[in-house]
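For the protein sequence lines, the chains are F and A, in the order given.
All the letters of the first sequence, read from the start, carry residue numbers 208 to 321 under our numbering.
All the letters of the second sequence, read from the start, carry residue numbers 106 to 330 under our numbering.
Do not rely on the hints blindly, as some may be mistaken.
Pairs of lysine-lysine, BS3-like flavour, derived with a Cα cap of 25 Å [unchecked claim]:
1. A:K181 / A:K325
2. A:K325 / F:K314
3. A:K224 / A:K107
4. F:K321 / A:K286
5. F:K314 / A:K181
6. A:K208 / F:K321
7. A:K129 / F:K314
8. A:K107 / A:K152
9. F:K321 / A:K152
10. A:K130 / A:K181
11. A:K289 / A:K208
12. A:K181 / A:K224
If you are wondering where the hints come from, they were derived from the structure by calculation, not from laboratory data.
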Amino acid sequence: MVSIINVAGFLLGCYFLLQSYLLVKEKKEEVTDFLAWSIIGLSLLVLTVVPQVGDALASYLRISTRANTIFGLAIFLLYLIIFRMNTLNRNLYRQISVLNEEIALLKYERENRK
Amino acid sequence: MKPVAVIPARNEMDTIGDVVAEVKKYVKDVIVIDDGSTDSTMITALKAGASVVSHPLNKGVGAALRTGYRVALQNKADVIIQIDGDFQHDPQYIPQLLDEIEKGYDMVIGSRFLNPSHKHYNVTRRSGIIFFSWVANLVGSLDVTDVTSGYRCYRASALAQLSLLSDRHWALEQTLEAARKRMKIKEVSVEMPVREKGVSQFDLRTYILYPFRMVECVVKVLLFR
């Protein structure tokens, strides 16, 4: 009997694979991101299509249920993603500040030369 | 000794012209840093005779001061006077600040707490300044009463030794770093009325975030400067 969560997981896995491929094709995403999301998408597909993999993983990690295993791993992965995105965001903010200053000074020097 | 005045301003078209005119009585070179104003601050400052550097985006007082220091140092300033564009900082105290630099101090801070003018500020703001000054004195072995004051004067050679300012909430960080680098810091009494025109940068969100930013400043200076 296929449960709703299996279907949702399967659809989400397909979405990650297809969407990240299309984004790279449209040059809106890097290949590295495509590979990362493809791995996540494929993992979701495998876990939903072959539930025994989830059971084996749960047993290995000594977590009581397959669902807890998947959620636990997903949360761990989210922490890593958030940390990385936060670092990138801070760096971008700093770079915008630097550019803001440089543009202002270039305009000022150009006006002074007139 | 060549003094240069740096005035960070955002949407101060009502006061910037008068501020520049008054500052020019004491300092020949006046630089206004327009931090992404949406009104005619830049044009008003230009008409008053200041040099104006205009940020395309609003990034905060610290960012504006960073640009101002850079231009002042490029202009071979020996002394940099920092004054707000909203007329809270009366330019009549500029000679007093310059005198202290001539006596050998590296940083001179204009303090509203050395005279009764601080009593016109609301309790929250006053308590915040008193608390942050206490933290600065404790961490930096200082004796300041108004660490958040933006009315300052620096010896250019000393300023060049300090790290680049953060975009926002720069005052505590800069003062602590100056203290750790054993710079000579002096406070002078400056009357600072509550601003009458324009919009203050202090809103509820700022007050709520201030303690966290203070912790960030202290950690930054103690561990990384």
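*asked:* When the structure is checked against the list of hints, which entries are broken? Sort them ascending.
replied: 1, 2, 3, 4, 6 and 12
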